[in-house]
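Protein chains: 2
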Amino acid sequence: MKACLSKLQGWLKVKNSINEELKPLFYPKSVAVIGASNNPAKWGFSIFNDLLIKGFKGDLYPVNKNEERISGITCYKSVKDVPRSVDLAVIAVPAQIVPTVMKECVEKGVKTAVIISAGFREAGGGEKLEEEVLRIARQGGIRFVGPNCFGIINPFSNLSTTGLMSLYITPYVPKGSVAVITQSGNLGTFMLKLAFERGFGISKFVSSGNEADLHFEDYLEYMAEDPDTKIIVGYVEELREGRRFSEMAKEITEKKPIVILKAGRTKTGHKAAKAHTGALAGSDDAYGACFKQAGVIRVREIQDLFDVAVTLVSQPLPRGKRVGIVTGGGGFGVVAADMCEELGLEIPQLTQGTLQKLNQRLPPRWSHSNPVDMVGTMEYSYVCIGTLLKDENVDSVLAISSVGSPSKIFDQYPPAIRNQLAEFAEMMVEWESTRGVTGLIERIRKYKKPVILAAPPTSREESEAIGEFEKNGIVVHPTPERAIRILAYVTKYAEDRKRKSA
Amino acid sequence: MKACLSKLQGWLKVKNSINEELKPLFYPKSVAVIGASNNPAKWGFSIFNDLLIKGFKGDLYPVNKNEERISGITCYKSVKDVPRSVDLAVIAVPAQIVPTVMKECVEKGVKTAVIISAGFREAGGGEKLEEEVLRIARQGGIRFVGPNCFGIINPFSNLSTTGLMSLYITPYVPKGSVAVITQSGNLGTFMLKLAFERGFGISKFVSSGNEADLHFEDYLEYMAEDPDTKIIVGYVEELREGRRFSEMAKEITEKKPIVILKAGRTKTGHKAAKAHTGALAGSDDAYGACFKQAGVIRVREIQDLFDVAVTLVSQPLPRGKRVGIVTGGGGFGVVAADMCEELGLEIPQLTQGTLQKLNQRLPPRWSHSNPVDMVGTMEYSYVCIGTLLKDENVDSVLAISSVGSPSKIFDQYPPAIRNQLAEFAEMMVEWESTRGVTGLIERIRKYKKPVILAAPPTSREESEAIGEFEKNGIVVHPTPERAIRILAYVTKYAEDRKRKSA
Numbered sequence: 000m001k002a003c004l005s006k007l008q009g010w011l012k013v014k015n016s017i018n019e020e021l022k023p024l025f026y027p028k029s030v031a032v033i034g035a036s037n038n039p040a041k042w043g044f045s046i047f048n049d050l051l052i053k054g055f056k057g058d059l060y061p062v063n064k065n066e067e068r069i070s071g072i073t074c075y076k077s078v079k080d081v082p083r084s085v086d087l088a089v090i091a092v093p094a095q096i097v098p099t100v101m102k103e104c105v106e107k108g109v110k111t112a113v114i115i116s117a118g119f120r121e122a123g124g125g126e127k128l129e130e131e132v133l134r135i136a137r138q139g140g141i142r143f144v145g146p147n148c149f150g151i152i153n154p155f156s157n158l159s160t161t162g163l164m165s166l167y168i169t170p171y172v173p174k175g176s177v178a179v180i181t182q183s184g185n186l187g188t189f190m191l192k193l194a195f196e197r198g199f200g201i202s203k204f205v206s207s208g209n210e211a212d213l214h215f216e217d218y219l220e221y222m223a224e225d226p227d228t229k230i231i232v233g234y235v236e237e238l239r240e241g242r243r244f245s246e247m248a249k250e251i252t253e254k255k256p257i258v259i260l261k262a263g264r265t266k267t268g269h270k271a272a273k274a275h276t277g278a279l280a281g282s283d284d285a286y287g288a289c290f291k292q293a294g295v296i297r298v299r300e301i302q303d304l305f306d307v308a309v310t311l312v313s314q315p316l317p318r319g320k321r322v323g324i325v326t327g328g329g330g331f332g333v334v335a336a337d338m339c340e341e342l343g344l345e346i347p348q349l350t351q352g353t354l355q356k357l358n359q360r361l362p363p364r365w366s367h368s369n370p371v372d373m374v375g376t377m378e379y380s381y382v383c384i385g386t387l388l389k390d391e392n393v394d395s396v397l398a399i400s401s402v403g404s405p406s407k408i409f410d411q412y413p414p415a416i417r418n419q420l421a422e423f424a425e426m427m428v429e430w431e432s433t434r435g436v437t438g439l440i441e442r443i444r445k446y447k448k449p450v451i452l453a454a455p456p457t458s459r460e461e462s463e464a465i466g467e468f469e470k471n472g473i474v475v476h477p478t479p480e481r482a483i484r485i486l487a488y489v490t491k492y493a494e495d496r497k498r499k500s501a
Numbered sequence: 000m001k002a003c004l005s006k007l008q009g010w011l012k013v014k015n016s017i018n019e020e021l022k023p024l025f026y027p028k029s030v031a032v033i034g035a036s037n038n039p040a041k042w043g044f045s046i047f048n049d050l051l052i053k054g055f056k057g058d059l060y061p062v063n064k065n066e067e068r069i070s071g072i073t074c075y076k077s078v079k080d081v082p083r084s085v086d087l088a089v090i091a092v093p094a095q096i097v098p099t100v101m102k103e104c105v106e107k108g109v110k111t112a113v114i115i116s117a118g119f120r121e122a123g124g125g126e127k128l129e130e131e132v133l134r135i136a137r138q139g140g141i142r143f144v145g146p147n148c149f150g151i152i153n154p155f156s157n158l159s160t161t162g163l164m165s166l167y168i169t170p171y172v173p174k175g176s177v178a179v180i181t182q183s184g185n186l187g188t189f190m191l192k193l194a195f196e197r198g199f200g201i202s203k204f205v206s207s208g209n210e211a212d213l214h215f216e217d218y219l220e221y222m223a224e225d226p227d228t229k230i231i232v233g234y235v236e237e238l239r240e241g242r243r244f245s246e247m248a249k250e251i252t253e254k255k256p257i258v259i260l261k262a263g264r265t266k267t268g269h270k271a272a273k274a275h276t277g278a279l280a281g282s283d284d285a286y287g288a289c290f291k292q293a294g295v296i297r298v299r300e301i302q303d304l305f306d307v308a309v310t311l312v313s314q315p316l317p318r319g320k321r322v323g324i325v326t327g328g329g330g331f332g333v334v335a336a337d338m339c340e341e342l343g344l345e346i347p348q349l350t351q352g353t354l355q356k357l358n359q360r361l362p363p364r365w366s367h368s369n370p371v372d373m374v375g376t377m378e379y380s381y382v383c384i385g386t387l388l389k390d391e392n393v394d395s396v397l398a399i400s401s402v403g404s405p406s407k408i409f410d411q412y413p414p415a416i417r418n419q420l421a422e423f424a425e426m427m428v429e430w431e432s433t434r435g436v437t438g439l440i441e442r443i444r445k446y447k448k449p450v451i452l453a454a455p456p457t458s459r460e461e462s463e464a465i466g467e468f469e470k471n472g473i474v475v476h477p478t479p480e481r482a483i484r485i486l487a488y489v490t491k492y493a494e495d496r497k498r499k500s501a
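Going down the list, the protein sequences come from chains A and B. By numbering that gives the first Met the number 0, the letter at position 91 of the first sequence is numbered 90, and the numbering carries on one by one without gaps. By numbering that gives the first Met the number 0, the letter at position 478 of the second sequence is numbered 477, and the numbering carries on one by one without gaps.
Warning: the hint list may mix true and false statements.
Copies of one chain are not kept apart here, so a pair can be met inside one copy or by any two copies together.
Below, simulated SDA-like cross-link-like pairs (lysine to any residue); rule was C-alpha separation at most 20 Å, straight line [stated by the list, open to error]:
#: 1; residue 1: LYS320; residue 2: TYR446
#: 2; residue 1: LYS320; residue 2: THR265
#: 3; residue 1: LYS270; residue 2: GLU345
#: 4; residue 1: LYS356; residue 2: GLU20
#: 5; residue 1: LYS497; residue 2: TYR446
#: 6; residue 1: LYS291; residue 2: LYS497
#: 7; residue 1: LYS389; residue 2: SER368
#: 8; residue 1: LYS56; residue 2: SER84
#: 9; residue 1: LYS273; residue 2: LEU354
#: 10; residue 1: LYS273; residue 2: PRO347
#: 11; residue 1: LYS499; residue 2: ALA293
#: 12; residue 1: LYS445; residue 2: VAL382
#: 13; residue 1: LYS56; residue 2: SER368
#: 14; residue 1: LYS229; residue 2: SER84
#: 15; residue 1: LYS445; residue 2: GLU467
#: 16; residue 1: LYS266; residue 2: VAL382
#: 17; residue 1: LYS266; residue 2: LYS320
#: 18; residue 1: LYS270; residue 2: PRO347
#: 19; residue 1: LYS273; residue 2: HIS367
These aren't lab readings, by the way, just hints derived from the structure by calculation. Here the structure is a predicted model, which means the values were calculated and not measured.
If we strip away everything but chain A, and leave its shape as in the complex, we get (with noise of 0.2 Å):
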């Protein structure tokens, strides 16, 4: 009991630590770019310049020994010339020079670095130098990210050090609850890419490069901490501490969950990964083991991270695997039915009740059965899926669109026929409506069930409805199969938890 105490004081303590430790990397007050640079071939001119343009609010220093202003600004010679204390540097120099620049750091009372700079660990015959580069930060009580990294994104501080990479996706960063681990930086931007675009925004972004100092644990504790994120999502090929995950991720995932996707699967995986990140040892079996001990939702594909993410963030989790589904035509029933039985959901009878007042509403042609074919009769989309919430029999509803709103379409039409179909768009209006969207949030809420939709990515642009959906972070998936992949995602993690709670 004594030792079990102590070990949790312990924990604590390096949990306390880690949170202070990593506070000025995430929210510093000043930032020193050592290496910015006003040749655009540089990754220090598109680090300095991107920190400018994100408007990072404290106090930013360039540094390179040979400029005298970057960008405008008086420039440094040393992070030692600095005149006020600084939190974190940015470390954009050529491999060879991080060590003299880490000792010039140390030597400023620096608290934490990025190390962009390539060329170490992955690179044959590095190992020796990110040796050294760990030791002097050791010494000098410095925690850093790296190297061989992207940086980190925090958006509640208008900070990142990514670079061009990040010019190249947006450039504010949309805040949201969602942090990214990843240990691929190109793969993260990716991801950021996929949900920027749909304006769903990120509470942090770490690439986490060769992990010398900090590990992906580190990262994990830390945002398990963090106010402002909810869920945490992943790219791993290896974990350093493997015990060390497993345990701290079973306590995070009873109040945030982490989805992963771990690469490295197969052997032509594993064989890349030691390329790339020179990933050692685990079988995908015990990362397999690993992760459902720990609750752990494991992803298989790239999107699948931020989908799945949103959707436990935005929506109520159901609480079984009966599906009721809407949609505008049959054949996506069959399709949607197919996919929904192989990957373990149900497709249930639905109430009397239901069907009554289904009757009221469709067509006498309408399927008279779950998945509730509304015979082209888009106009009751929000009802049908209203209605379906409310049966007792129905956990979660999936509704497949064909059709955006007609009415941004009709304007490339020649005028006489636009105003003909002017009053073709009205009926349509249901649909389409904000209103419409607006009152299935609310049920949502009230139901306390998830609604999973998927519609054309054509109508992404031509409907006000799609992006008042992902607006309130309800995804909008670009096929059914999509869709009902990351239904089954998120029921699994329900059923999952309701069987660890029971």
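With chain A fixed as given, assemble chain B onto it according to the hints.
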């Protein structure tokens, strides 16, 4: 021998006759829309207007006993009143009236019909009505599509009877070489949306509905001989003439690939199919065996249909399953390697010559193996893809990019910074240049190996290169996983063909 010859002659006769019989359907000189309407709530409204908008070149006659003019054009009380001969009657009147209308069509000498109207076999008690219509049409020698369908599209004759459904998609239908036969109208138009938004066109489109007269097999036979069709894609719930399909498909796939999504794979899906089109028998295993024997490519998701078709039409078949991979970041390589192994593709070692050539161009820290991680130097993408195409160990190339062109994104930044960034944008010109695209397409032809591309969807609007690729029929997939899935289908098809001809 004699028996065999007479069987062949018999079959040839049927073949000729189907192609003769369906000519007035797809290339009518005159079309009557029975049920044409000025009321936007009616199908007859949207069908008639759609024919007008799409610019049908032949004679167009609205028929409606209650109207004098439809959309300003003289309207006839009955098809019998139309002053000239009618090749195609599009019928959009309540089901009960269809037998009468069909009788009038027979009396008029109409050649073919499309029955849009629903309320037949798919609705309880509608079987008799459907049989009556079929009997009348057969006696009068009229072949017809439907009932309960969205009709047909032929962009080569500016003909579309799909009405509103194609209004939703686009005011024009791009011409292409993919024929679509679908047993679900909604799912069919969804497919078209996915295709048209990327500029991929069609040769013909048929929503076959209840198939009272013309069956899936009839359309298949027609498309096999259609000179504008190079590949046939189909959505199937039930084949009414399994043996005929099997015999025909075996011959057709020697010249034109057939790609099919067969739904109703599972018990639940089969039940839903029964509710939808009344699909009856045939275990999924039986369909699977039939497709395999006939060389039909069976896909699992709606989106796969066009992606596979366009790739087969636009690119050479891979000679084997060895994939060369080019990525901007190592994480993509790991994810790709996993998926390749899982789908039966191989990641070969590169030749010494290739490694040497890449050493000359890429920074020293590149991966030095397949997958080729260019460590962020996207400007060498085309060089690397070209080098892998030349490698004798490589049968196809997969390239994964995480960035599009910076130039368009930079427009969002303040002018001061924008000017600074212009120089950086210059550096990316090679990857983004349409010259680069043209060069790559030339190399694909020269080395007779396909190239599969993945880039995140946001790049689509940013990138002129992506537009240029897709204009040339080279699909740019939104995720690496989708790209590999399509490459796996295409590779399996190529291997099957090789085995067959060996």
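Do the hints match the structure? See the list:
1. LYS320 x TYR446: within (16 Å within a copy, 50 Å between copies)
2. LYS320 x THR265: For LYS320 and THR265, only the inter-copy Cα distance (17 Å) is at most 20 Å; the intra-copy one is 30 Å.
3. LYS270 x GLU345: between (39 Å within a copy, 13 Å between copies)
4. LYS356 x GLU20: Answer is neither; intra-copy 59 Å and inter-copy 46 Å both fail.
5. LYS497 x TYR446: within (18 Å within a copy, 56 Å between copies)
6. LYS291 x LYS497: Within one copy only: 14 Å inside, 43 Å across.
7. LYS389 x SER368: For LYS389 and SER368, only the intra-copy Cα distance (16 Å) is at most 20 Å; the inter-copy one is 56 Å.
8. LYS56 x SER84: within (15 Å within a copy, 77 Å between copies)
9. LYS273 x LEU354: Answer is between: at 18 Å across copies they meet the 20 Å cutoff, but 57 Å inside does not.
10. LYS273 x PRO347: between (46 Å within a copy, 16 Å between copies)
11. LYS499 x ALA293: Result: close within a single copy only, 11 Å intra versus 49 Å inter.
12. LYS445 x VAL382: Cα proximity of LYS445 and VAL382: one copy only (15 Å, versus 57 Å across).
13. LYS56 x SER368: neither (58 Å within a copy, 43 Å between copies)
14. LYS229 x SER84: Neither: 32 Å inside a copy, 69 Å across copies.
15. LYS445 x GLU467: within (19 Å within a copy, 48 Å between copies)
16. LYS266 x VAL382: Classified as neither: same-chain Cα gap 50 Å, cross-chain 28 Å, threshold 20 Å.
17. LYS266 x LYS320: between (34 Å within a copy, 17 Å between copies)
18. LYS270 x PRO347: Cα proximity of LYS270 and PRO347: across copies only (12 Å, versus 45 Å in one copy).
19. LYS273 x HIS367: between (55 Å within a copy, 12 Å between copies)
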